[in-house]
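**Student:** Letter by letter, the chains look like this.
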Amino acid sequence: MLSSENKLQLIVRFTVFLILLGGFIISPLRFFYLPLLLLGLALCSFPVELKKFFRKQLFLLVIGFSHLFLFGYFVIDRVFLGGGPIFQTEHFIVVLNLFYRTAGSYLVVSFFNSLNSFSELLATLKILRFPPLIIMLFTISYRLVHIFDSRVRQMLIAYRLRTGGKQRPALFLQMLKSALFKSFASGNRITGALKSRNFHSNLDFRKIK
Amino acid sequence: MIELKKVNLFFNPGKHVLKDIELTIQAGCSTALLGANGSGKTSLLWVIAGIYKYKGEIIFRNQGRLNGGSKELRDKTGVVFQNPDEQLFMPTVREELALTLLQKHDRVDEALIGEIMERFGIVELADRAPHKLSEGEKKKVALSAALVAKPELLILDEPTSDLDLPGKKEFLKLINSLEQTRLVATHDLEFARNCCDRGVILESGRVVAEGKFEELIDNRRLLESCGLI
Numbered sequence: 001m002l003s004s005e006n007k008l009q010l011i012v013r014f015t016v017f018l019i020l021l022g023g024f025i026i027s028p029l030r031f032f033y034l035p036l037l038l039l040g041l042a043l044c045s046f047p048v049e050l051k052k053f054f055r056k057q058l059f060l061l062v063i064g065f066s067h068l069f070l071f072g073y074f075v076i077d078r079v080f081l082g083g084g085p086i087f088q089t090e091h092f093i094v095v096l097n098l099f100y101r102t103a104g105s106y107l108v109v110s111f112f113n114s115l116n117s118f119s120e121l122l123a124t125l126k127i128l129r130f131p132p133l134i135i136m137l138f139t140i141s142y143r144l145v146h147i148f149d150s151r152v153r154q155m156l157i158a159y160r161l162r163t164g165g166k167q168r169p170a171l172f173l174q175m176l177k178s179a180l181f182k183s184f185a186s187g188n189r190i191t192g193a194l195k196s197r198n199f200h201s202n203l204d205f206r207k208i209k
Numbered sequence: 001m002i003e004l005k006k007v008n009l010f011f012n013p014g015k016h017v018l019k020d021i022e023l024t025i026q027a028g029c030s031t032a033l034l035g036a037n038g039s040g041k042t043s044l045l046w047v048i049a050g051i052y053k054y055k056g057e058i059i060f061r062n063q064g065r066l067n068g069g070s071k072e073l074r075d076k077t078g079v080v081f082q083n084p085d086e087q088l089f090m091p092t093v094r095e096e097l098a099l100t101l102l103q104k105h106d107r108v109d110e111a112l113i114g115e116i117m118e119r120f121g122i123v124e125l126a127d128r129a130p131h132k133l134s135e136g137e138k139k140k141v142a143l144s145a146a147l148v149a150k151p152e153l154l155i156l157d158e159p160t161s162d163l164d165l166p167g168k169k170e171f172l173k174l175i176n177s178l179e180q181t182r183l184v185a186t187h188d189l190e191f192a193r194n195c196c197d198r199g200v201i202l203e204s205g206r207v208v209a210e211g212k213f214e215e216l217i218d219n220r221r222l223l224e225s226c227g228l229i
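Those protein sequences? They're chains A and B, same order as listed.
Read in order, the letters of the first sequence correspond to residues 1 to 209 in the numbering used here.
Read in order, the letters of the second sequence correspond to residues 1 to 229 in the numbering used here.
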């Protein structure tokens, strides 16, 4: 059972998560630094292992830098061709916008993830009286994603072993197809397991404290 | 006593999976369900567990016929699946046990959960995620989750798969300490010999032999013809 102090802590974390996520999703691009500042503030205020957190986000930098070639087009377009035919400035803005919002949302989710376990997230949803259906969907999706993830990981290892590190697109596609089929069979067995325990969609997950 | 009378299972009009199954499972006994791959063991377990709809009759303790895929049938049975990862999906072990109670009895009894966890030695795993446990621990959690609702019949599908020798021994000890009637589908004859009093052999969806376990496994010709050795 959670103490009222723990409950308050979970609610505060969830509220900060929603504010940060909202910031990245709806703030205009010209104020891009504001959600980043807020995220920085949150990272300093909550017990997050910063080194570990940033190490996990390094790939975002790589993707971010890979967008720099667009900037090259932008310069050619604006400086040399005066907004001419090669590249539309709007396209650059759209791509930048998409990247900024996706990466920002990912950072916020990672931040929340490093603060809370999935169990705590579910506890928060229960405290905030989210509908049981939403809690149930979260719970089931979480497990299904885990099962799919572990299956794909195993198959990737097998793929690497069989190809000796070489790329074989046909075999890779075959592996993906097989992963989907196996996941379907797995889904069938999961449904059976749920059914054997009288699972139904009106189950009130909030009763599990 | 659980009786199966003329139980048939069809997946589609052309696929007759279980054929006129006649079977009696003695109360308090442990029955091994043996058969080669594809013989219909898992399908039969799923029929008895109330997952598949069948044709025929299943009668628990002379209480009348139970409909295939019905809540009544599922309330009387607890299932431990071959792969616990496909069975356990709550974020913590304690919640996993609570889920079974919520699903079967529509309420959560914390005292009962504590009692079961203590009995199966999983108290220290209570707040851990089931998918992060070892295979042996997962099996124990799956068994506890099946038993917390106090089913009349415990169904175990390949309980020793993925277990190492110490894990098998520990699991065997747990199984033998249960008072529930048990139905165990397995390829592991050694395990079955140590935990089952009776045996049933399936071949191509039919019961080809039934009787005392020791007598069944002494019949080498039968075991060979059914692809068991």
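Since the hints were made in silico from the structure, they are not lab data.
This structure is a prediction, so every number in the text was calculated from the model and none was measured.
Backbone N, C-alpha and C fix where the C-beta goes; we use that ideal spot for every residue, glycine too.
Mixed in with the good hints there might be a few duds.
Only part of the chain B face toward chain A is listed, based on derived beta-carbon distances under 10 Å [said to hold, decoys possible]:
1. I51
2. Y52
3. G56
4. I59
5. R74
6. T77
7. G78
8. N83
9. Q87
10. P91
11. V108
12. H131
13. L133
14. G136
15. K150
16. R193
**Student:** Please name the hints from earlier in the document that this structure breaks, with their numbers sorted from lowest to highest.
**Tutor:** 3, 4, 13, 14, 15 and 16
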